[in-house]
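J.: Build the full structure now, drawing on both the sequences and the hints.
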Amino acid sequence: MVTLLAPAFFYVALAVAAGTVALHFIVTRQPTSSPLPTVRFVPRGTVRVVTVERPRDLLLLLLRVALVLLIGLAFSQPVLVPERRPVARIVLADVSRAVGSIEEVRDSARSLLGEGDVLIIFDTRARVIRAGAADTAAALVRSGEEGRLTPALVAALRAAGELRAEADSIEIAIVSAFRASQVDGATQAVRALWPGRIRLVPVAAGADTLGVAHGAEVRGPGGDAGAQDGVVLAARLAGLAAADSAVRVMRGAVTAEDSMWAAAGRRTLVRWPVEGAPPGWRERARPDTAGAVVAGGAVVVHPLERRWEPDPAAPAARVVARWVDGEPAAVERVVGEGCIRDVALPVPERGDLVLRPAFGRLVRALAAPCGAVASIGPGLGEDELAALAGEGPLATQEAIARAERVRLPLVPWLLGLALLLALLELWARRGARAGASAGDGGAEPEEAVAPTHGGSGAGAGRSRGVMAGGEAQRA
Amino acid sequence: MTTGKAPEGVTGTAGRPEPAVAAVAPGAAARSVLRVYAPVLDAVRGMGWPARERVRSAVAGPHPSTVRGTSAEFVEYRPYRQGDDPRRIDWKLLARTDRVYTRLSEEHAILSTVVVVDASASMAFPPKTHGKWEFARRLAVALAAVARHRGDPAGLVVVGEDGMRVIPPQTRRTVLEEMMRALEVVPAGSAALAPAAAEAFRLGRRVVLITDFLGDAEALLAVAKRAMASGREVYAVHVVDAGELDPDPRKLLVTDPEAPSVRRPLSLRARREYQRRFGEWRERLAREWRRAGAVYTMVVPGAEPLRRTVRRITEAGGAPAGVATGA
Chain A
2 MVTLLAPAFF YVALAVAAGT VALHFIVTRQ PTSSPLPTVR FVPRGTVRVV TVERPRDLLL
62 LLLRVALVLL IGLAFSQPVL VPERRPVARI VLADVSRAVG SIEEVRDSAR SLLGEGDVLI
122 IFDTRARVIR AGAADTAAAL VRSGEEGRLT PALVAALRAA GELRAEADSI EIAIVSAFRA
182 SQVDGATQAV RALWPGRIRL VPVAAGADTL GVAHGAEVRG PGGDAGAQDG VVLAARLAGL
242 AAADSAVRVM RGAVTAEDSM WAAAGRRTLV RWPVEGAPPG WRERARPDTA GAVVAGGAVV
302 VHPLERRWEP DPAAPAARVV ARWVDGEPAA VERVVGEGCI RDVALPVPER GDLVLRPAFG
362 RLVRALAAPC GAVASIGPGL GEDELAALAG EGPLATQEAI ARAERVRLPL VPWLLGLALL
422 LALLELWARR GARAGASAGD GGAEPEEAVA PTHGGSGAGA GRSRGVMAGG EAQRA
Chain B
3 MTTGKAPEGV TGTAGRPEPA VAAVAPGAAA RSVLRVYAPV LDAVRGMGWP ARERVRSAVA
63 GPHPSTVRGT SAEFVEYRPY RQGDDPRRID WKLLARTDRV YTRLSEEHAI LSTVVVVDAS
123 ASMAFPPKTH GKWEFARRLA VALAAVARHR GDPAGLVVVG EDGMRVIPPQ TRRTVLEEMM
183 RALEVVPAGS AALAPAAAEA FRLGRRVVLI TDFLGDAEAL LAVAKRAMAS GREVYAVHVV
243 DAGELDPDPR KLLVTDPEAP SVRRPLSLRA RREYQRRFGE WRERLAREWR RAGAVYTMVV
303 PGAEPLRRTV RRITEAGGAP AGVATGA
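Going down the list, the sequences are from chains A and B. Under the numbering used here, think of the first position of the first sequence as 2, with each following residue one higher. Under the numbering used here, think of the first position of the second sequence as 3, with each following residue one higher.
Everything labelled a hint here was simulated from the structure, so no lab data went into it. The C-beta atom is built at its ideal place from N, Cα and C for all residues, glycine as well. All clues given are correct.
Selected chain B positions facing chain A (Cβ under 10 Å, derived; list incomplete): (1) S124; (2) P129; (3) K134; (4) G245; (5) V256; (6) D258; (7) P259; (8) P262; (9) R265; (10) R266; (11) R271; (12) A272; (13) R273; (14) Q277; (15) R279; (16) F280.
A few chain A positions that, by computed beta-carbon distances, are all more than 12 Å from chain B: (17) F11; (18) R128; (19) V129; (20) A139; (21) S182; (22) W195; (23) I199; (24) D225; (25) L234; (26) P349; (27) R362; (28) L416; (29) A433; (30) R434.
T.: Below, the structure is given as structure tokens:
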């Protein structure tokens with residue numbers, strides 16, 4: 002649908018065009034008198050002029066009207082906007098590991114999505130799906146990442162600006178497990194930017210894997226399980242040591258067989274070398290000391306030497322442990338159906354760090370199955386959910402920030418066509434003048450009574466005027 | 003036929019040269035006007051124009067005269083009265099009847115014809131073609147040619163803005179050429195036709211008035227009545243253009259060519275009223291002229307061939323006077 006940004010210009014053009022048409026019909030000069038010897042028999046009376054004109058120079062009239070309308074249309078800036086519908090919906094589908102059943106998310110999203118609606122899939126990122134949103138919703142896959150509502154809401158606000166011209170009202174629906182871990186300090190502030198209510202569609206949350214005692218096969222630098230290694234010791238103390246587990250912690254060299262073992266099934270291979278950096282890491286230019294490291298809900302406060310950092314050339318990976326200043330301490334990469342987790346955390350050989358429960362929890366977190374390092378945490382409280390949902394009606398399109406319009410490339414074409422018509426009008430006017438002068442020369446003098454139009458310059462048709470009564474004296 | 007002294011404003015044939023032909027060599031001008039009027043002369047060839055009544059003239063001509071003479075064309079016997087010419091007594095009849103009878107015979111005389119042409123601005127209509135004037139001058143030449151063809155002297159009076167130009171009735175061949183030259187003028191201004199008509203009535207016994215009667219029509223009628231009372235034949239030829247009978251509906255404002263300050267709007271209603279008034283005026287004009295004894299004929303330029311128009315005029319006077327003696 003084409004709408005005008007500045008319709009006043011078009012209205013003015015319409016008025017000017019109407020005036021142009023009127024000038025072609027209105028006689029502004031008194032008709033030339035014609036000699037008639039028997040004028041004495043014409044009755045006297047009050048002069049009353051009523052003119053009824055036959056339009057002449059229709060081509061000139063049409064050119065002028067079209068020229069004026071085109072210029073007015075060009076200045077009114079036509080833009081292309083889609084057809085409006087009552088409600089447009091933006092569905093935020095949570096595919097993070099916080100949701101327990103992705104099928105439930107699929108069904109909820111598909112039931113909400115309609116033609117032209119927008120689907121936003123979010124975990125730690127938000128991806129906006131415009132075309133084929135319903136089909137995309139039917140094929141949602143759980144990502145295993147953490148869920149973050151803030152970027153999803155920001156994406157929804159931007160999508161709403163683009164949907165503004167398509168519907169009278171816009172509704173945001175969030176299909177999520179609504180865990181506390183998905184909300185940060187900016188969530189409410191971003192939520193406050195949305196002028197309407199938000200529909201919350203809760204789905205069952207996934208199981209919190211953190212803290213769950215998982216068995217892990219921890220191998221020392223020599224490949225044996227009984228070595229005097231801090232990690233092996235900590236695993237034993239934490240009760241993780243178990244043979245034939247889905248998690249294998251390798252303190253020594255890792256072979257291709259180990260990688261294939263992880264990729265073949267839903268297994269986790271943790272590469273935590275005693276010496277040197279794991280693959281994908283490099284030496285730091287200036288090794289330093291970090292005071293603490295965090296993995297999931299486990300925090301170890303200890304001055305640990307930080308020697309390595311992720312190699313930028315290495316494939317992207319998910320950070321599963323961070324130093325206290327935010328730098329990665331361990332990352333995880335998906336390999337086949339499983340994953341490989343690289344830990345660049347040196348274990349001190351001296352001291353009692355490995356004996357502390359905090360270190361045991363750190364080992365437990367780093368030895369967790371794929372995608373389960375961080376805790377999904379508890380669900381949002383009722384007050385928080387109410388604040389997120391908000392109150393009142395749906396957001397109207399006037400209340401939403403205007404998105405940048407699609408400017409039609411029609412304007413330069415309109416102006417070009419107007420220029421062409423102006424040239425044609427000049428040509429037609431010259432032709433009309435030439436015709437009029439030729440007609441005047443060939444016509445009888447008394448037939449020169451045909452009035453001409455003032456202002457427009459266009460000739461009128463032969464006047465069929467009526468002048469009733471009256472004797473006029475020559476001025 | 004004598005012309006007498008021309009009144010003031012009259013230009014005789016021997017007077018000042020005509021502006022219309024002065025710049026042209028005489029021979030070339032003659033050929034030029036003859037080329038223009040040659041179709042007119044061809045159209046009226048062989049036509050006659052008998053007098054309406056016996057002519058009171060003794061000069062021999064084609065029209066029956068009121069004079070009973072001694073010609074061979076016997077009419078009747080009349081008892082001798084004192085004063086009759088004894089040479090016309092029929093002596094044989096006297097011997098048989100012992101009564102004195104005078105032998106009467108038919109005499110023929112000429113009828114001097116003067117054509118008066120109105121050259122006022124109203125005759126220059128329509129403005130582009132001057133149709134009324136063009137027709138009027140051709141008709142004048144045609145009537146003069148018809149009259150002169152039977153031996154009648156023909157003259158012309160052209161009345162225009164600058165007065166009148168008079169060509170006295172003459173029978174010589176070149177009189178038509180003089181008339182053609184005299185008619186090479188452009189109608190303009192207003193003209194008083196009554197004085198010109200009076201001069202024409204003084205010069206001729208048959209006067210043709212070719213005009214649109216939009217000038218001094220009443221004065222003209224008064225002069226004509228007096229002339230007709232003295233035995234003049236008057237032919238009133240009313241020239242009306244088709245554009246006057248039915249004005250162009252595209253005209254919104256009309257003006258009098260002889261009085262440009264008079265301008266009147268011509269609406270549809272006014273147009274109908276104009277046609278009604280104009281028609282009534284024409285009927286009244288015809289009625290008054292006919293009642294006075296004139297032959298009134300309305301002509302519309304271009305409505306019919308010139309020969310038919312001339313025939314309508316010449317035959318409108320009724321049966322030729324020469325058929326019945328009408329003693």
